[in-house]
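**Q** Sequence:
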Amino acid sequence: MRTLTSADLSLNTATVSKQWTLAECIDGCARHGIGGISPWRDKLQDCGVDRAAKLIRDAGLGVSGLCRGGWYTAEGALTQTVLDDNKRAVDEAAAIEAACLVMVVGGLPDGSRDIDGARAIVTDGLSATLDYARTVGVKIAIEPLHPMYAADRACVNTTGQALDICDRLGNGIGVALDVYHVWWDPDLAAQIARAGKDRLLAFHVCDWLNPTRDMLTDRGMMGEGVIDIPAIRSVVEAQGFDGLVEVEIFSAEDWWTRPADEVLAAMTGALPSI
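Numbering (the numbering used here), first residue to last: 1 to 274.
Rather than coming from a laboratory, the hints here were simulated on the basis of the structure. All C-beta atoms, glycine included, are put in the ideal place defined by N, C-alpha and C. Watch out, some of these pointers could steer you wrong.
[Said to hold, decoys possible] The following label-pair restraints were derived from C-beta to C-beta distances:
(1) P186 x T79: 18 to 24 Å
(2) T135 x R2: 32 to 38 Å
(3) R31 x A120: 43 to 49 Å
(4) T79 x M215: 27 to 33 Å
(5) E253 x D124: 37 to 43 Å
(6) Q80 x A265: 41 to 47 Å
(7) T257 x T79: 33 to 39 Å
(8) L83 x L4: 36 to 42 Å
(9) R2 x L83: 36 to 42 Å
(10) D116 x E75: 14 to 20 Å
The task is simple: from the sequences and hints, build the whole structure.
**A** Quick look at the structure:
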């Protein structure tokens, strides 16, 4: 397993979403020696896609991903509005030369109890987006989310489920693994091996606090919680993954309340826990 430095980290802008604009995130990464960035689309659009692409290039940062496309079930079935938004997301990912477009696929349509039907909608939507993404060289990364989000955010909840979809859709699609969502899965190591290097498109880290006060916005800095992050990283890197390690922390009561430079200093200080 490689020895990480700050240059191997990527800042997901959600980590300091309450403190900084995208331009400030880019400057902060440069100051702290962080090698990459992963913008959320709201921050990217606020900055302007072309301006953001130039700022990122000028700072010498890699782009580990763009967050996020997906939400295929938002209107109850695949609509042109949803498909058009995902096409825009692909174009934005291409413009900033993102390693992948991360997909939070969507949960149950309003009023539905049909999770298999939701997964069918998601698969059809991913297929349509992937057809376009292939033409512009953007890779699509399904992010399986913890089962507690199955109803409202993502009906794809395990690495195995995500890879089943990848198997059906072919090349150009893989997974974005966030330890917060997958650490509990007893089949995780086997599914990481199944993915292999070509389908391991992104690796996100934070920590699971015990107790967790909020299921969305109470994530910890690496080393604060119960996830054995180095053990998971070792399995991922055994498959040949050598990309940026992306730090994505939603933390309404802690990290979002601190000065952003303090957050980035804590990120680099947490390297031994990654």
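**Q** State for each hint whether it applies.
**A** Hint-by-hint comparison with the structure:
no.: 1; hint: P186 x T79: 18 to 24 Å; result: violated, 37 Å
no.: 2; hint: T135 x R2: 32 to 38 Å; result: holds, 34 Å
no.: 3; hint: R31 x A120: 43 to 49 Å; result: holds, 46 Å
no.: 4; hint: T79 x M215: 27 to 33 Å; result: holds, 28 Å
no.: 5; hint: E253 x D124: 37 to 43 Å; result: holds, 39 Å
no.: 6; hint: Q80 x A265: 41 to 47 Å; result: holds, 45 Å
no.: 7; hint: T257 x T79: 33 to 39 Å; result: holds, 38 Å
no.: 8; hint: L83 x L4: 36 to 42 Å; result: holds, 38 Å
no.: 9; hint: R2 x L83: 36 to 42 Å; result: holds, 39 Å
no.: 10; hint: D116 x E75: 14 to 20 Å; result: holds, 19 Å
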